[in-house]
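Asker: Using the sequences and the hints, build the whole thing.
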Amino acid sequence: MFSCVSCGSTKTAYESLLPPTANGDDKTWKLIWSLPVLERIRCFIWLTSLGRLATNALRFSRKLTASPACARCNGQVESIIHILRDCPPASFAWTRFVPHNKQQRFFTAAGEDWLWANLTEEETEYQGVPWPTFFSIAAWIIWKNRNDFCFKGISSTLTPPSLAHAIVAKAKLWHSAWTAPTLLPTSRGGPNSRVMVDISWTPPSRGWMKLNLDGASNGNPGLAGAGGVLRDEAGQWISGFVAKIGEASAVLAELWAFYYGLELAWKAGCRTVMIESDSQLAIHLIHDRQDAVHPYATLLSSIRRRISRDWLVRISHVYREGNRVADWLSKHSLVYPYGVHEFVHPPSGLIPFLRDDVQGVTFQRRIVPPATTSSLSASHL
Numbered sequence: 001m002f003s004c005v006s007c008g009s010t011k012t013a014y015e016s017l018l019p020p021t022a023n024g025d026d027k028t029w030k031l032i033w034s035l036p037v038l039e040r041i042r043c044f045i046w047l048t049s050l051g052r053l054a055t056n057a058l059r060f061s062r063k064l065t066a067s068p069a070c071a072r073c074n075g076q077v078e079s080i081i082h083i084l085r086d087c088p089p090a091s092f093a094w095t096r097f098v099p100h101n102k103q104q105r106f107f108t109a110a111g112e113d114w115l116w117a118n119l120t121e122e123e124t125e126y127q128g129v130p131w132p133t134f135f136s137i138a139a140w141i142i143w144k145n146r147n148d149f150c151f152k153g154i155s156s157t158l159t160p161p162s163l164a165h166a167i168v169a170k171a172k173l174w175h176s177a178w179t180a181p182t183l184l185p186t187s188r189g190g191p192n193s194r195v196m197v198d199i200s201w202t203p204p205s206r207g208w209m210k211l212n213l214d215g216a217s218n219g220n221p222g223l224a225g226a227g228g229v230l231r232d233e234a235g236q237w238i239s240g241f242v243a244k245i246g247e248a249s250a251v252l253a254e255l256w257a258f259y260y261g262l263e264l265a266w267k268a269g270c271r272t273v274m275i276e277s278d279s280q281l282a283i284h285l286i287h288d289r290q291d292a293v294h295p296y297a298t299l300l301s302s303i304r305r306r307i308s309r310d311w312l313v314r315i316s317h318v319y320r321e322g323n324r325v326a327d328w329l330s331k332h333s334l335v336y337p338y339g340v341h342e343f344v345h346p347p348s349g350l351i352p353f354l355r356d357d358v359q360g361v362t363f364q365r366r367i368v369p370p371a372t373t374s375s376l377s378a379s380h381l
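Under the UniProt record's numbering, think of the first position of the sequence shown as 1, with each following residue one higher.
Derived by calculation from the structure, the hints in this document are not laboratory data. Just so you know, not all the hints are guaranteed correct.
Said to hold, decoys possible - When the alpha-carbon atoms are kept at most 30 angstroms apart in a straight line, the in silico DSSO-like pairs for lysine-lysine are as follows:
id, residue 1, residue 2
1, Lys-30, Lys-102
2, Lys-152, Lys-170
3, Lys-152, Lys-27
Keep in mind it's a predicted model, so treat the numbers as computed, not measured.
Answerer: Next up, the structure:
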């Protein structure tokens, strides 16, 4: 067997990092995070559902602006529903997109009902794009255009016809890209060709520790967990953990893996640590500081504070074949009670994986060359 130390409730940690309303309604959460749109658009729709877009009405209530009025139509209070539906540039676009027999309901529904009805509309599509997808993209572009006008002084794209045209073009392009079949390798080479490479776990440089991390979500969003393992240059187990998180998206599970993994490494006395994750999105979010309104902004800030401690941290992307131990831990985290559990010794089921890593066993994967990696260090944060 193995030694296990419980480190408290993940729910408690989650609630300590996020505002009380951040979890939202479970049904709404699942619906939004299953939308086939870009991550940034999901984040935007999620903030909209919580009523947390930085409208002039909200900014005025916090004494961040002198007036709650809309800067574009100079009169109406700038609420979320005003920006996204009732302001002239938005309403002009929607009258061209919404079928005539549904316009009365569309333009009279209250905010939450309006959002939910459009996200669950199954009968309507626009030029081949399912309505929930089209609606989400359109609302996001309308919001972006409002921000360009208010904060950057960009008004050239705000003429109603050009805004409507931009929405249709973007929606069709992104939907086609999202639904396109995966490109298969070609025998003639070129940008679509793939090559077979051998991938294995590699030990850290001398004097360094390596922390491999992974998150898993059974449903995305669904029941989620995280796991990580800390090893030395000889591949010997130093410490490990699993964390059963609860309902979360895959990327949120990956970010919690970073949070708990950094705590584990610091507590173990590491001061030079190489971190590997197979989530390029999580690495990008940690690196990108332009995320003040991101739903995970508080967690990302907590991760960066831990990276910025008095130590040297390097973060790299690794393919899953080189991250098998962390992958095993994250998937098995779901059988544990909620909270974080540390392992002084490796679980018995991990022994074959650890042995493979020490022996340099390789696994083949077909990739698009050149295989690029994402990395950053504490000095970049």
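Asker: State for each hint whether it applies.
Answerer: Going down the list of hints, with the structure as the test:
1. Distance hint between Lys-30 and Lys-102 is fulfilled; the C-alpha atoms sit about 26 angstroms from each other, no more than 30 angstroms.
2. Simply put, Lys-152 and Lys-170 have alpha-carbon atoms about 21 angstroms apart, close enough for the 30 angstroms limit, and the pair holds.
3. Restraint check for Lys-152 and Lys-27: the C-alpha separation of about 36 angstroms exceeds 30 angstroms, so the hint is violated.
When the structure is compared with the earlier hints, a violation turns up for hint 3 alone.
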